[in-house]
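Enquirer: Chains X and Z are the protein sequences, given in the same order.
Read left to right, the first sequence gives residues 22 to 160 (our numbering).
Read left to right, the second sequence gives residues 2 to 627 (our numbering).
Keep in mind the hints are simulated off the structure, nothing from the lab.
Idealized CB from N, CA, C, for every residue including glycine.
This list has only true hints and no planted wrong ones.
Straight line, CA to CA, 30 Å or less: simulated BS3-like cross-link-like pairs of lysine-lysine:
no. : chain 1 : residue 1 : chain 2 : residue 2
1   : Z       : 534       : X       : 139
2   : Z       : 523       : X       : 95
3   : Z       : 203       : Z       : 39
4   : Z       : 579       : Z       : 523
5   : X       : 95        : Z       : 534
6   : Z       : 414       : X       : 26
With the C-beta cut set under 8 Å, the calculated list includes, among others, these residues of chain X facing chain Z:
no. : residue
7   : 40
8   : 52
9   : 59
10  : 117
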Amino acid sequence: MYGRKVKLRFLFVVLILITLILTAFLVLKSLEENVVYFQSPSEIKLLSELDKKKIRVGGMVKKNSIFITANEVKFIITDFKNDINVTYTGAIPNLFEEGKGVVAEGFLKDRSLFSATKILAKHDENYMPPEVKEALGIK
Amino acid sequence: MLFSVIGHYSLILGLFIGLILIFFSIKNFRNSINLDTKILSFTFLQFILVVVSFLCLILSFVFSDFSNETVFNNSHTTKPLFYKISGTWGNHEGSLLLWLLVLTLFIFLFLIKTKDQPTKYKILTLVFQQVIIIGFFVFLIKTSNPFNYLYPIPEEGLGLNPILQDPALAIHPPILYLGYVGSSIIFSSALAATSLNMISKKWASHIKKWVLISWVFLTLGILLGSIWAYYELGWGGFWFWDPVENVSLMPWLALTTLLHCVLVLEKKLVLTSWVIILSISTFTLSMCGTFLVRSGILNSVHTFANDPERGLFILIFLFSLIFISLFIFFFFHKPNQSNLNNFFWLSKETSIIINNWFMMYFLSVVLVGTVYPIFLDVLTSEKISVGPPFYHKLIIPFLIPFLLIMAIGPKLKWIKSNLEDKVYLISLLFISFLLSFLIVKNFNSNFLINTILISSALYLFFVTLRDFFIKKKNNISQNIAHFGFSLLILSILFNSLFSTEIITNLKVGETFETSTTKIIFKNINQKKETNYKSIVGNFSIQNSNGKIDNLSPELRIYNQPNIVTSEADIKTTLLSDKFLVINLVQNQDYFNVRYQVKPFMLWIWLSVLLISSGALISLFKKEYEK
Numbered sequence: 022m023y024g025r026k027v028k029l030r031f032l033f034v035v036l037i038l039i040t041l042i043l044t045a046f047l048v049l050k051s052l053e054e055n056v057v058y059f060q061s062p063s064e065i066k067l068l069s070e071l072d073k074k075k076i077r078v079g080g081m082v083k084k085n086s087i088f089i090t091a092n093e094v095k096f097i098i099t100d101f102k103n104d105i106n107v108t109y110t111g112a113i114p115n116l117f118e119e120g121k122g123v124v125a126e127g128f129l130k131d132r133s134l135f136s137a138t139k140i141l142a143k144h145d146e147n148y149m150p151p152e153v154k155e156a157l158g159i160k
Numbered sequence: 002m003l004f005s006v007i008g009h010y011s012l013i014l015g016l017f018i019g020l021i022l023i024f025f026s027i028k029n030f031r032n033s034i035n036l037d038t039k040i041l042s043f044t045f046l047q048f049i050l051v052v053v054s055f056l057c058l059i060l061s062f063v064f065s066d067f068s069n070e071t072v073f074n075n076s077h078t079t080k081p082l083f084y085k086i087s088g089t090w091g092n093h094e095g096s097l098l099l100w101l102l103v104l105t106l107f108i109f110l111f112l113i114k115t116k117d118q119p120t121k122y123k124i125l126t127l128v129f130q131q132v133i134i135i136g137f138f139v140f141l142i143k144t145s146n147p148f149n150y151l152y153p154i155p156e157e158g159l160g161l162n163p164i165l166q167d168p169a170l171a172i173h174p175p176i177l178y179l180g181y182v183g184s185s186i187i188f189s190s191a192l193a194a195t196s197l198n199m200i201s202k203k204w205a206s207h208i209k210k211w212v213l214i215s216w217v218f219l220t221l222g223i224l225l226g227s228i229w230a231y232y233e234l235g236w237g238g239f240w241f242w243d244p245v246e247n248v249s250l251m252p253w254l255a256l257t258t259l260l261h262c263v264l265v266l267e268k269k270l271v272l273t274s275w276v277i278i279l280s281i282s283t284f285t286l287s288m289c290g291t292f293l294v295r296s297g298i299l300n301s302v303h304t305f306a307n308d309p310e311r312g313l314f315i316l317i318f319l320f321s322l323i324f325i326s327l328f329i330f331f332f333f334h335k336p337n338q339s340n341l342n343n344f345f346w347l348s349k350e351t352s353i354i355i356n357n358w359f360m361m362y363f364l365s366v367v368l369v370g371t372v373y374p375i376f377l378d379v380l381t382s383e384k385i386s387v388g389p390p391f392y393h394k395l396i397i398p399f400l401i402p403f404l405l406i407m408a409i410g411p412k413l414k415w416i417k418s419n420l421e422d423k424v425y426l427i428s429l430l431f432i433s434f435l436l437s438f439l440i441v442k443n444f445n446s447n448f449l450i451n452t453i454l455i456s457s458a459l460y461l462f463f464v465t466l467r468d469f470f471i472k473k474k475n476n477i478s479q480n481i482a483h484f485g486f487s488l489l490i491l492s493i494l495f496n497s498l499f500s501t502e503i504i505t506n507l508k509v510g511e512t513f514e515t516s517t518t519k520i521i522f523k524n525i526n527q528k529k530e531t532n533y534k535s536i537v538g539n540f541s542i543q544n545s546n547g548k549i550d551n552l553s554p555e556l557r558i559y560n561q562p563n564i565v566t567s568e569a570d571i572k573t574t575l576l577s578d579k580f581l582v583i584n585l586v587q588n589q590d591y592f593n594v595r596y597q598v599k600p601f602m603l604w605i606w607l608s609v610l611l612i613s614s615g616a617l618i619s620l621f622k623k624e625y626e627k
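Chain Z extracted, bound-state conformation:
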C-alpha cells in the first residue's frame, strides 16, 4: 500500500522534472558556455525517482501486496522469491517502468560521460531524450499505471505465467531493454548533432561507444531469449521466425549496419546522411516492435492484457517521433560531399557499403514477412502466416556473397587498395570448397547450395582464423566478431543439416526402436514443490554404438495459474545436444515423446558470445587502429 503510493508519486514527480528539464535546457541553450549544473542534478533526480518507483514495485511484488493491481495480476504467494522479483518486469506495466528506467539511466550516463563535445549538443540531446521520456511517463501514468489500487484487497494473486518462471527469461528483459531502449540515446544524439550540423569524425567516434553498448546488450538479450525458447518451449529450435522474434531482429540488423557505418564515418567522413537515417530507424524499429507487441496485433508470450488505447498511444507517439526526426533531417542536414572524389571501387568503404546493402535487404525481408500479414488482415481480413520457408528462401542464398565479402572486406584499405597475398586467399577458398564438399558429400538433398554455403562460411572461418596469427595492423575486435560470425553460421548450418528427431507416443514401460536408436520409457516419479507438482519421466536412450544416456524430462503442473509446462532434459556436450521432452495429453495413457539430437548446439550460443566479446573489446580498447 505504502509502496504503491510512493511509487506512484515518484512517477508523477519524475514527469514534472522532465518538463522542468526542458525549460532549463532552453534557457541554458541560449547562453551555453557551460552545462548548467542544475540540469545535471535534475537529470540525476529524475533517474533516482524512477529507480525509487521501480524499487517500490519490486517491494510490492516481494511482499505480495495484492492491493496493487499489477501484483495481483502477476504474482502469487507461493512463487519463489526470485520469480516474485523477476515478475516485476514480466508484465506490461512493470516492463514499461523498466523501459523508463533505462531511458533515464542512459541520458544520465550520457551527460556525465560526454566530456569533449559542445554544450549545445549535450543540451539538445537531453531535450530530445526528454521528449521520449515524457512521452513514456504520460503513457505509463495514463494507460498502464503499475500502481493501481484494488479494493477489496484480494487474498491471493493470479500468478505469473509459468513459462516465464525461468532464470534465463528472468534476466532477458533487462538485458534486452538495455539494448533496445539504449538505442534511444543514439536517436537523440543523432538528431541533436544533425540540428547543430556537427556530424564529424569526432562525433562518430563519440557515438560509436553508445552504438557498441546498445549492440552488445541487444545481442545478449536476443541470445537469452533464444536459449530460453530452445529449452522451454519444447520445440528444440532456437529461432522460429516468430513475429515477436523478428521485431527484435530488425533493430539488431539496423544497429549492426549502423555500427559498420559509424566506422566509415569516423575514418572518412562519408555516408553522413546514411548514419543519421540508420540512427533514426534503429530506435524507430524498436518503438515499432513495442507497438506491434503491446497493441496485441502480434500475439505471443510478450502480449499481456491488451487495451486498444495503449496501442493507439504508442502509434501516435511513434508517428510524431518519426515526423520530428524527418523534419530535422530534411531541414537541418547539409550533406557533406567533399570526400566523394577519392573513393575507389576496391576499398574498405565499398565493402562496407556492400555489407550495408545486404543488411538492408535482410532487414526488408524480415520487415515484409512480419508486417505483410498484418496489412493483409486489415485490408482484406484474410488471415495468413508467413513461415520459415519464406525467410530461408530469401535470406540463405544471399548469405554466400555476404560471407565472402565479410572475409575479404576487412583486408582492404581505406580509399584505395590492392589485395595483398592473393595466393593465400585463393588457396584458402579452394581448401574450404574441398572440405565442405567432403562434408556434404553423403548428403543428398540440396547438395549444391549446401556445399557452396558451407564453403563460404568455412572460408570466412579460415581467413579470420589465419588473421589471428598475423601480428601487423590487426584489428582484433573486428576479427573476433567476424570469426564468431563464421562460427555461428557454420554451427547453424551443421545443426540444421545433421539434426535428427524421433517423435512417438509411448506408455510407461514401452520401448521404441529405430535402426539407430532405442528409447526405453522406464518409469515415472512424482514430485511436489510449493507452486507446482511434477511428473518426471525416466528414459534410457541407446545409440547404435551401444552408448546409453539417461534422460529425465519433466512435466510441471502449476497450481496458480493452472498450466502444464514441459521441462526438456538436455544433455549437452561439445559436439551435440541430446534433447528429450515429454507431454501428456489429458486423460490418455500415452506420453508424447520427442527426442532430438542437435549437433553443435552449444556452439551457436558460444559463437554469439564470441561476437559480443568482439564488440566489448572494441569498446574498451583505447587505441584504435591507426
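If we strip away everything but chain X, and leave its shape as in the complex, we get:
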C-alpha cells in the first residue's frame, strides 16, 4: 500500500487538475457568449447577415447630425466612407460632440440603423479609442 502522504498528494493533484479543467471550460464558454465585437460602419455594410449579438460601432460623430428629442438622441457615426444611423436612449458622456470620435454599444437593426444601449465615455479630449483610429484609417 502507498503511504498516507502519497495518497494525499495524489488526491491534491487530481483536485487541482479537475479545478483547472473546470475553470478553463467555464471561462472559455463564458467568453464565447459575452464578448462584444467592434465594427466600423464600412464593415457593417459588408456584413452578409445581421448578427443578433451585441456589438460596438465606432467612428466619428458626423457634423450636424445630432438630433435630440425628449426621450431619444439620434446621430450618425461615420468613418468617412460609410455612415450608420444611431438611435440612443440613455446618459450621454461629456465628450460626446460632433466631429469627435465615439464608440456606441448596442444592437443592429439593419445595415444602416443601430440601436445603442450605451455610449462609451472617454476621458480626454485628445484621446481617440484605438479602434476608432483604425476604423478611420489613422495610424
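Keeping the supplied structure of chain X fixed, place chain Z upon it in accordance with the hints.
Expert: Structure of chain Z alone, referenced to chain X:
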C-alpha cells in the same frame, strides 16, 4: 529652472548610490556579522535624494515653471494650488517618480524596522530591491525624465485633465502606490529568504506585517479610485470591470491570498512554496499592470502620452524580474514536507486552501477577461471587449460557497477539528435563508440565485456578528474583516438589485413624471471660477410619498484644456444615495438628465473601511491568538 537641475542631478546621484549599495552589499555579504552602517546611511541617502527630486518637481509645479516639459504639459497658472501639487503625480513622469519614492522609502523602512532577522537576509533583500530601484531609475532617466527642458519657455501650460482635478483622485495615486509598490518589498524579501533557505514561522510573522501594510494601502487606494469613479465619471456605478480597474484588482486578489497563506505558514510551516509563488506574483502583477497601462495598450485616464519605448522597457524589465525569481525559486527552494502528515480535512488549513482556490479562480477570470482582448487583437487584429456580464457570470455563482466557507472556516481549529455548536450554525443558516427569501420575494428575475446569494452573505454576516459577543479565543481583526466583507457583499447585492434609474432629456422649465417620481427642472444659473465656468441646474425631485429633494448638478467648462465635465449632485443618507447628473450636448436646448436612487451606497464604502481596519488592528496588535 533651478529646481529642474537639482531634481535631475539628484536622480542621477540616486542611481549611482544604487550601484554603490550593491557593491557594498556584496562585500558585506561575505563577512556578515553585522549590517554595515555604510549600507544604512547610503540607503537613507538614496531615499533623501529621491525625496529632494520629488520636492523639486512639486516646487516646479507650484511655481508653474514652464521651462520644465512635464509642468508645461500638465499644469496651468490658473489652476488652484492644491491641484498644482497633485498634478505632480497626475502624469506619467511624476507618477513614476512617486513609484521610485515608495520603492526607496520601503527598503529604508525595512532595514531599520527589521531587527531579529539574519544580516545576510537583510542584505540580500536590499540587493533585490536595489535591482528593482536601479531598473526604475534607468527607466525614469532614460525614457521618462520629469525634468526635461523646454526652450523657448512657454508662457502658459497645457493644463491638467479636469476630471483629475478632484480631492479623492489627488490622494488616490500616493495611497495606491504605497500598496502597489509596497508589494516590492514582499517580493524582494521572499526571494532573499528563498535563496538563503530560511522560510520559517519566524520569517512568516515578520513578512506578515509588510503584507498587511501593502494590503491596507492597496485596498484604500482602490476604494478612493472607486469613489471617484462613482461621482466624477457620471455613470453612478462604483466598479465597471474596466481593464484599468482590473489591473489593480489582480494584485489585490493575489495579496489577499498571500495574507491568508502567511497565516498558515506562521502557524504550521506548510504551503511554503505557495507563499513564495504568491509573493512573486503579487509584485509581478503590479508590474504587469504598470506595463499594460503605461504602454498604451489599455486606454484610460491613466494613459498619458504614449511612447512605445516605455512599454518595451517595462516589458523587458518585467521579464527579467520574472526570470530571476523563477530561477531562484527552482534552484534554491527546498520544499519542506515534514508537516504534511498531520493535516486533516476538517481543519483551518483546509479551509484556507479552499479559500485560496477560489481566490485563484477569481484571479484567473479577471486575468483572462483583461488580457484576452489584447491577445486577440495581436493575433487576429479583431477588436473585442469583455464586459461586465462575463465577470458577473463567472464570479457571482462562486461567491456562494466562498461566503459559506468564509463563515465556517475561522471556526475550525488548526490541524484537526470538530465543529462546535453545530446547532447554532445550522439555525443561523436557516434564519438567513428565510430572511433573504422574504427580501427577494417581491423580486421576480433571477429569484433563485439571488435568494441563495443573499442568504449566504447574510449567513456570514450573522455568524461574524455573533462572534463579536463570544469572548473566548476571539480573533477580533479577522472577525472585523470578515464581517466587513459580508457587509460589502450585502450592500453590493442590495445596491444592484434595488437601484432605480431615470434617464431623459429635458429643457429648462420642463417636468418629467413617472408613476413614482417627478423631476422638475426649475432653472439654471451660471458661475465663474478662475479656471472654469459652470452651469448649475436646479432640480426638484418629488417621490411618490411626497418627499421633495432639491438637487443641483453642475456642468463645468474648463478653460485649459477646454473640456466639459459633469459634477453629479449626490444626496447621501444611511439608506440610499440620490444621484443626479446632467449633460449638455453641443448646440442643443435639451439637457441629458440622469437620476438614480442607489440603496446602501454609503455602506459599500464603509464596509471597505471596516475590512481595512480589521487589517490595521491585526497590524498593531502585539499578542496574536495563541
